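Top line first, the protein sequences correspond to chains A and R. Throughout the first sequence, residue numbering follows the numbering used here, covering 1 to 528 in sequence. Throughout the second sequence, residue numbering follows the numbering used here, covering 529 to 1056 in sequence.
In case anyone wonders, no lab produced these hints; they're calculated from the structure. A few of these clues could be false.
What the hints assert, rightly or not - Rough simulated footprint, nothing fancy, chain A against chain R, three-plus residues with beta-carbon under 8 Å:
no., segment
1, 668-682
2, 864-878
3, 916-922
4, 1044-1054
Stated by the list, open to error - Okay, derived cross-link-like pairs now, DSS-like style, lysine-lysine, Cα gap no bigger than 27 Å in a straight line:
no., chain 1, residue 1, chain 2, residue 2
5, A, Lys-467, R, Lys-767
6, A, Lys-514, A, Lys-466
7, A, Lys-187, A, Lys-249
8, R, Lys-964, A, Lys-393
9, A, Lys-40, A, Lys-239
10, R, Lys-1046, A, Lys-454
11, R, Lys-751, R, Lys-767
12, R, Lys-809, A, Lys-467
13, A, Lys-293, R, Lys-809
What the hints assert, rightly or not - Label-pair restraints from in silico Cβ distances:
no., chain 1, residue 1, chain 2, residue 2, range
14, A, Glu-502, R, Val-633, 56 to 64 Å
15, A, Gly-446, R, Asn-571, 20 to 28 Å
16, R, Lys-682, A, Ser-458, 48 to 56 Å
In this text the structure is predicted, and so the values were computed from the model without any measurement. Where a beta carbon is used, it is the ideal one built from N, C-alpha and C, also for glycine.
Protein chains: 2
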Amino acid sequence: MKVFTLVMLLWAAVLFPSFSSELPKVETWDRFEVSLAGPKTENAFDHILSAEFYNDNERIKVDGFYDGNGVYKIRFMPQKVGSWKYRTSSKVKSLNGKTGEFLCVVATGENHGPVQVADTYHFKYADGERYYPFGTTLYAWTHQPAALEDITLKTLEKAPFNKVRMCVFPKYYSNVENEPEFYPYVKKGEEKGKTGKTRFVWDFSQFDPAFFQHLEKRIDDLKDLGIEADIIIFHPYDKGHWGFDSLGKENDLRYIKYLTARLSSFRNVWWSMANEFDYIKTKPRDVWDIYTKTVVNSDPYKHLCSIHNGSVYYDNWKPEFTHVSIQNGSTVEDFGRATLLRDVFFRPMIYDEVCYEGDLPQRWGHLSGEEMTEAFWQGVIAGTYVTHGETYKNDGDTIFWAKGGRLIGSSPQRIGFLRKVLEEAPGPLELADPWKDHKTATAGKGYYLVYFGKEMQSEWEFNLPKKGGPAANKKFRVEIIDTWDMTVKRLPDIFEIAEPVEYRIFDKNRKKIKLPVKPYLALRIIEE
Amino acid sequence: MKVFTLVMLLWAAVLFPSFSSELPKVETWDRFEVSLAGPKTENAFDHILSAEFYNDNERIKVDGFYDGNGVYKIRFMPQKVGSWKYRTSSKVKSLNGKTGEFLCVVATGENHGPVQVADTYHFKYADGERYYPFGTTLYAWTHQPAALEDITLKTLEKAPFNKVRMCVFPKYYSNVENEPEFYPYVKKGEEKGKTGKTRFVWDFSQFDPAFFQHLEKRIDDLKDLGIEADIIIFHPYDKGHWGFDSLGKENDLRYIKYLTARLSSFRNVWWSMANEFDYIKTKPRDVWDIYTKTVVNSDPYKHLCSIHNGSVYYDNWKPEFTHVSIQNGSTVEDFGRATLLRDVFFRPMIYDEVCYEGDLPQRWGHLSGEEMTEAFWQGVIAGTYVTHGETYKNDGDTIFWAKGGRLIGSSPQRIGFLRKVLEEAPGPLELADPWKDHKTATAGKGYYLVYFGKEMQSEWEFNLPKKGGPAANKKFRVEIIDTWDMTVKRLPDIFEIAEPVEYRIFDKNRKKIKLPVKPYLALRIIEE
């Protein structure tokens, strides 16, 4: 655990004023936490508390929050090594003017910092390491019994996924209707609704810190597995059961401020303003601008931020969004589609819902493993990214996509294989000639990945796009990749580039290769 | 001719002050023109001149322009019937404070007013009549010998096109390198360029009114044929030959002001900021914002306005653009693509360049007639629009797309057939279930158009999407449309809707129809 809790023994600062070796140490992009004792009153959540963290060059203001039981906290994610000091501000005297210092040290091990946009359409960690998103969907995994949550974490430990889409609020929907252990608000009581059904009555002025502490524990668990948490702030799956989709604007904003004060310092957090924003009928389209600006302005570190659609897209070009999170299965079910939407926005494109591998009767819930795997390949060769979900009824009738548990589908292993192929490439993929050739991706000169999808053929004439292609006499080797069987077979032949013929480049002897007559093959073509 | 030129015999207004029956009459959306005698000086184009046109409810300010030979003009397109008065303003005394009046009368005949956006993704004329764009490309047709321009007009008279994409500036490019009769600027002389080639030297302070008068004549000729003129303000096809792509920002803005002062009152004008804006290397991306705002602010009538791309899209969501003008052939060469781009923008989508029917060696210049025709169908069933171009070498070696002349391709006739099919529908088309079914378009309840493209089959089970579909027991008839042979065959069977089965609706007896095993068929399915 890299979280430091400072109980504010202020005399310590007095006794050891300037021995930096005595200062608490925090790795870059880890979390420093200040705990303050303050009033334990009914209106504790209304107390405004912040701190300014500063070094010789920077001053960063961060908001604090009430964590229950008379404890107030301020969290900070340092991004520069060296000494950092802070001073708190509040109208509450016991929370005001508190000062301290800590030492930010170099990140170690798997701490690469938060993920950021790189090269317009792709991502890197803050330390420059490449990050290729291979996400999965676990909407309500943190609202399950502890034993199931632990199984989910064990599953993720062995799965190929490095991003999880997950809701803050519990989800009430088919296949996930169980009551969670924790609720975000304090329950005042129960009442009979119009339909005669019992409904909980919430005190929306009182967050339940235990709910958020649990959520934070799970986000840290994901961090320890190298997984980014794509935090879904709002969602429509409530159906009047708890009413968390209908808090009203004032409570929505209060919740955003509380959530961002708690979570902005978590380096693996991404903000997803909503899942299927347009299906949340209680929130008109224009509030999303206000909510998104509130998130972005409340987050001093500018984590990745997007908004996910149902059937109508949001204005993904707005400056608050770092990338585009699209639901649309048809974008990656055939060639030539994924790139069309991407090229509009000049931002990374993640197809965050493209239907799920499973056996539900709903058409979004019964992709085959082959279809789910192909969706990933279609996305990746077009320079975009795709998110997985599994909707098989698995052991214990949990369904991974809703509750977590175990994965039983056939795509995750193949997605892991694709992830390995991509991570072995010299950089992210782009279609080499996107307006005419939707099969040939490149990762810069000397590296091509050609994907055939369902198309089968017994031979393939060596050919590449002329656009940005290699000069005559360059030599290439070819590997046949079976994306389903997960094999890579190096061919003995070497191919030598001839002068271009119109828009294509061929081998100087027009050499062909033999292919097994199977679907889902790809070719990796690398300069010798 | 509906253009009224008032030689300013002011004593006439004094002699007949208030006999409205004596007032000049102009149809709504026609053009009223004020001509003023003014200084015939070197700096005539710098004189700022405007007029305010007003009735009891509205005041509209329009800019005037110098038309050469000491004549200054102000043009106005009235949009409301009744009496309109005006008063001119200028620092030049002889152009200032001139007043007059005319009577705007009801439009007649084929005068439906300018085209406007309707129903988010579609168009109507100002009088409410539907307008479905079926455009063609005639980049340099107004820079040809008069005899050829006349042949072009004769061709258009019989062609199915109701929009023409055309450049203001002459075009210097392969297949169109001839010098035009008129130039937009006055020639000062000639000089030897660095390469030893003779170059014209222009006086960019002196427009040549004859050039613009000729352009206007041709725009009016199109109007008389019911054709909208999609006026391309800038283009990259100059290659240093005349330098009209490299005027510099000040001259560019001067040109925009002059052009909009001359043309805004033409009801069939659309503004296309550029063809392939990103290929105009002399204009950085950020000037387009300034240029677009200048056009829109200078146009009191807010004609349709777009910007057309080469290989990188512009920010088509910006508020100045009324619709999206996209170049990308791949969007309409297969199912499921055209709708993807459209749904991003909440604006009409015109695929204004999707490669051309012809026999040029370049890949954008050799679609077959079948491919060009299919591109139109793919676009139209997805609720978008497509623009034609022809790049066959035709009689006189002119190539229609560049110079005009005669059409020899096989697609125009089929495009006309599609236009007829669309105009017979009760309204514009939309995919009925766009995320899963890319073949079935609807024009509202009771009307479907199913397109099969190249797919062939000997029978088809009657089926429609459940989404928005008809209730059980509704009855439908089916027509088989051969989009290539241009035939419509009504089937004798009547199909009766059963309860939905998952996402589809079938006939209650699961009836099938026999189809000829041919490509390019469509079905028109209409409620009885």
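Okay, which hints does this one fail, numbers in order?
Of the numbered hints, 1, 3, 4, 9, 11, 13, 15 do not hold.
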